[in-house]
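Could you slot chain B onto chain A? The hints should help.
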Amino acid sequence: MAAQAPGTPESAQPGGYGGDYGPLPGGDALRAEHIGKSFGAVTALVDINLHLGRGEVLGLLGDNGAGKSTLLKILCGFQRPDSGGILLNGEEVTLRSVDYARSLGIEAVYQDLALINQLSVYHNMFLNRERVRWPLLSNKSMRDTARTHLNEMGINIPSVDVPVASLSGGQRQAIAIARAVYSDAKVLLLDEPLAAMGAKEVAIILDLIGDLKRRREVSIIIIAHNYGQALEVCDRINLLQHGMITFDKQSKDTSVQELNDIVVAEYRRALQERQRS
Amino acid sequence: MSKMTEQGGTLLLPDETPGTGNGTVDRLRRGLGVFGRQREATILVVTVALLLYFGLTNPTTFVSRTNAVDLFSENAAPIAIIAVGEVLLLICGEIDLSVGFIYTLAPFIMFYLNVYYGVPALLAIILSLVFGLVCGWVNGFLTVTLHLPSFITTLGTGFILGGLALYLAHAEPKSIPPATVGYGDWLGASPWSQTIWAVVIVAIFAVVLTRTRWGLHTIATGGNQLGAREAGINVGRIKYGNFMITGVLGALVGVQTAFYLNDIDPLAGGYQPMFYSVTAAVIGGTAMLGGSGTIIGAGIGAVALSTLIDGFDVVGISANVVQIVFGGAILGAMIANVQLTRLRERGRT
Chain A
0 MAAQAPGTPE
10 SAQPGGYGGD
20 YGPLPGGDAL
30 RAEHIGKSFG
40 AVTALVDINL
50 HLGRGEVLGL
60 LGDNGAGKST
70 LLKILCGFQR
80 PDSGGILLNG
90 EEVTLRSVDY
100 ARSLGIEAVY
110 QDLALINQLS
120 VYHNMFLNRE
130 RVRWPLLSNK
140 SMRDTARTHL
150 NEMGINIPSV
160 DVPVASLSGG
170 QRQAIAIARA
180 VYSDAKVLLL
190 DEPLAAMGAK
200 EVAIILDLIG
210 DLKRRREVSI
220 IIIAHNYGQA
230 LEVCDRINLL
240 QHGMITFDKQ
250 SKDTSVQELN
260 DIVVAEYRRA
270 LQERQRS
Chain B
0 MSKMTEQGGT
10 LLLPDETPGT
20 GNGTVDRLRR
30 GLGVFGRQRE
40 ATILVVTVAL
50 LLYFGLTNPT
60 TFVSRTNAVD
70 LFSENAAPIA
80 IIAVGEVLLL
90 ICGEIDLSVG
100 FIYTLAPFIM
110 FYLNVYYGVP
120 ALLAIILSLV
130 FGLVCGWVNG
140 FLTVTLHLPS
150 FITTLGTGFI
160 LGGLALYLAH
170 AEPKSIPPAT
180 VGYGDWLGAS
190 PWSQTIWAVV
200 IVAIFAVVLT
210 RTRWGLHTIA
220 TGGNQLGARE
230 AGINVGRIKY
240 GNFMITGVLG
250 ALVGVQTAFY
260 LNDIDPLAGG
270 YQPMFYSVTA
280 AVIGGTAMLG
290 GSGTIIGAGI
300 GAVALSTLID
310 GFDVVGISAN
320 VVQIVFGGAI
330 LGAMIANVQL
340 TRLRERGRT
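Top line first, the protein sequences correspond to chains A and B. Sequential numbering of the first sequence, starting at 0, is according to numbering that gives the first Met the number 0. Sequential numbering of the second sequence, starting at 0, is according to numbering that gives the first Met the number 0.
No lab work stands behind these hints, which were simulated from the structure alone. Predicted model only: the values in this text are computed from it and were never measured. One should not assume that every hint holds.
If you want the ones that stay clear, here's a sample from chain A, every Cβ over 12 Å from chain B, calculated [said to hold, decoys possible]: (1) Phe38; (2) Cys75; (3) Glu90; (4) Pro162; (5) Asp183; (6) Glu216; (7) Asn259; (8) Ala264; (9) Arg275.
Using C-beta positions, here's what the derived DEER-type ranges look like [stated by the list, open to error]: (10) B:Gly235 x A:Ser37: 20 to 26 Å; (11) A:Val263 x B:Leu154: 53 to 59 Å; (12) A:Leu205 x B:Leu342: 34 to 40 Å; (13) B:Gly331 x A:Asp81: 49 to 55 Å; (14) B:Ile125 x A:Thr93: 49 to 55 Å; (15) B:Leu339 x A:Ala198: 33 to 39 Å; (16) A:Lys139 x B:Leu163: 45 to 51 Å; (17) B:Pro119 x A:Thr93: 44 to 50 Å; (18) A:Gln271 x B:Leu339: 33 to 39 Å.
Backbone N, C-alpha and C fix where the C-beta goes; we use that ideal spot for every residue, glycine too.
In isolation and in its complexed conformation, chain A is listed as follows:
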C-alpha cells in the first residue's frame, strides 16, 4: 500500500520536475479526501485520497471497473460521494451539480463524450454555455468561435455546421476535448481522451495537453489505459485499484515496466486468493 496520506507536503513543493515544462506554481488545485461511493451492493470507491497540484497533469490509471470514471464523475459534480470531502484551492466545496462545478472552473470530458448527435458541431461546443442575445442564440458568434478554436487546435472538420453524428470517432472526441479546453476551466478532467483516436488525432491532443502544461494555468487529471502515453504527458501517476489509490509517484520516478508489474502482481494475487477459496 503505497498510498500517500493526504496533506503530505510533497504536492505543495514547487517541484522542479516535468522536464522542460518548468516548475509548478505550487499549492493544490484540487484535493479529494476519503471519498467513498457505493451503488447498491457494489462498492465503487472505498477511500480515495488524491491531490492535484496547480498546473499539474496527473495520470489516473487502473483496471477496467476500478472506479476511475466514478471518481471523475464525483469530481465534476455529476455524482455525489457517499462520504468524504472535496477541496478546491484549499476550500471545502460541495459539488451539488455539474453547472455548479463548472462555475467553479471544473470541466470534464466524459468517456461517452456527452455530445448530442443531432446538433451541429458548434452547438455541441457551446452546449449549456450558449451565447445568447436574449431571447435568441447568437449562432454566428458561436459558429465563428468554434471554427477559430478548432483551427487553432489543428482539427479539420468539413464544417462546424454539420451534425456531430456525421463525424468520425476521433473527430468527435477532439470536439469534446476542445469544448472543455476552451471553457476557461481551471481544473480539467479527461476520461480516456485518446481512446477512439487515430495517430494524427492523438498527436494533436497530446500537443494540446503539452501546451496547457507548459503554461501551467490549468490542472489536469487524465484517465488513461496506455501507460506509455500517460508517462509521456503526465507529471505524476496515480494507480486506482479496488476503490483506493494504491500508487503515487512522479512520472520520472517510474516506468511502464513498474506499472505493469504492479497491475500484473495484483492480478496474480487476486487469482491465487480465488483459487484458494
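Frame of chain A, contents of chain B only:
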C-alpha cells in the same frame, strides 16, 4: 487503444463544393439542394399537391371562403396548435396522450368559474389556461419526478380528465357564458381568428425550437439524455416545461373550439385531436425517436391532414375512408423518415 482502427487519422479536408462554372444554374441547383434537404420539403410538396388536386377537381365547392374557413380554422388550426406541444414532447422523448382531455375540460373550467363562481370573464379564460398549465405540471411530475413512462402517465391523466368532464357536466353540453362572448371573437369565434392564432403560435415555437436555448436543450434532452445531463442540462426541467406548454396549448384549443362551435361539449376533444396532431407531427418530419423534429413541418402536416378530411368531405367520400388514408400516410411518412435516416448514417464519413 483498441478502437484505434476507426478512421485512423483520416481527417477531412474543408469542403469545397465544385461548381460547374455556370453561375445561375449552379445557384439554382444549390437552392434546390438546400430546399430538398429541409425536412419540411416533402410535406410541403404533398400539401400543395393535395390542395391543387382538390381545388382543380372541385373548383366551386372546395375553392370557397366557407370551405377555406372550414379547412384552416375548424380543422387545421386546432391540430397545428396541439401538434406544436406534441413536437416539443416527441423531441425530448415523451408524448402527451391526455392533451385532448385538457382540451375537453378547459372550457368547462371557464364556464363554471364564470357562471357559478362569478369570476370575471377574462380571468375565467386565463384560469382555464392555467388549468392546462397545472395539468401539464402533473404530467411532468408523474413522468419526471416519479419516473413513470409518459405514455402511461398521460393515459391515466387523460382518463381522469375525460371522466371529470363528463362527471362535472353530467354528460350534458353547456352554452357559452354570455359574459365571455366578447373575448370569444378574439379567441376563436370569428372565422379566421383560430387560423391566425395557429400561424402565430407555430411561428413563435418554430423560433423557440431552432433559435433559443430552450429549443436546443429540448433537442439535447431527447438526442442524448445522459450526455445532456453530463453537460449540466437540467433535463427534468425541460420535460416539465414542455408538458406544461402542451397543457396550455391543449386548454387554449379547447376554449377556442368551444367559442368557434358556440357550445361546450363534454364529448369534444378526447383522443382524436391528440392522434391527429401526432399524425401531423410525424408526417411533417418529426421522428418519434427523440432528438429531432420540426414545428413548421407539423404545421404543414396539420394542413395536409385537414385538406384530406375536408377534401374527402367535399368530394363526398365517407370519413371512414379518410382514416385508411391517414393510416397509410403515417406509415409512409415513418418509413421514409426511418429509412432516410439510416441512409444518411450509412453515408456518414
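Evaluated hints:
1. Phe38: Given that every Cβ of chain B is farther than 12 Å from that of phenylalanine 38 of chain A, nearest at about 15 Å, it holds.
2. Cys75: Contrary to the label, cysteine 75 of chain A does not stay out of reach of chain B, its closest Cβ about 8 Å off (not over 12 Å).
3. Glu90: Answer for glutamate 90 of chain A: holds, closest chain B Cβ roughly 21 Å.
4. Pro162: Incorrect as stated: the minimum Cβ-Cβ distance to chain B is 9 Å, not above 12 Å.
5. Asp183: Holds, because the least Cβ-Cβ distance between aspartate 183 of chain A and chain B comes to about 15 Å, which exceeds 12 Å.
6. Glu216: holds (23 Å)
7. Asn259: Holds: least Cβ distance 16 Å, greater than 12 Å.
8. Ala264: holds (23 Å)
9. Arg275: Given a closest Cβ separation of 32 Å, the condition holds.
10. B:Gly235 x A:Ser37: 20 to 26 Å: Hint holds: Cβ distance 24 Å, inside 20 to 26 Å.
11. A:Val263 x B:Leu154: 53 to 59 Å: Check passed, 56 Å falls within 53 to 59 Å.
12. A:Leu205 x B:Leu342: 34 to 40 Å: With Cβ atoms ~37 Å apart, the hint holds.
13. B:Gly331 x A:Asp81: 49 to 55 Å: holds (53 Å)
14. B:Ile125 x A:Thr93: 49 to 55 Å: Taking Cβ atoms as reference, isoleucine 125 of chain B and threonine 93 of chain A lie about 41 Å apart, which means the hint is violated.
15. B:Leu339 x A:Ala198: 33 to 39 Å: holds (34 Å)
16. A:Lys139 x B:Leu163: 45 to 51 Å: Between lysine 139 of chain A and leucine 163 of chain B, where Cβ atoms are some 49 Å apart, the hint holds.
17. B:Pro119 x A:Thr93: 44 to 50 Å: holds (48 Å)
18. A:Gln271 x B:Leu339: 33 to 39 Å: violated (57 Å)
Of the numbered hints given earlier, the model fails hints 2, 4, 14 and 18; all others are met.
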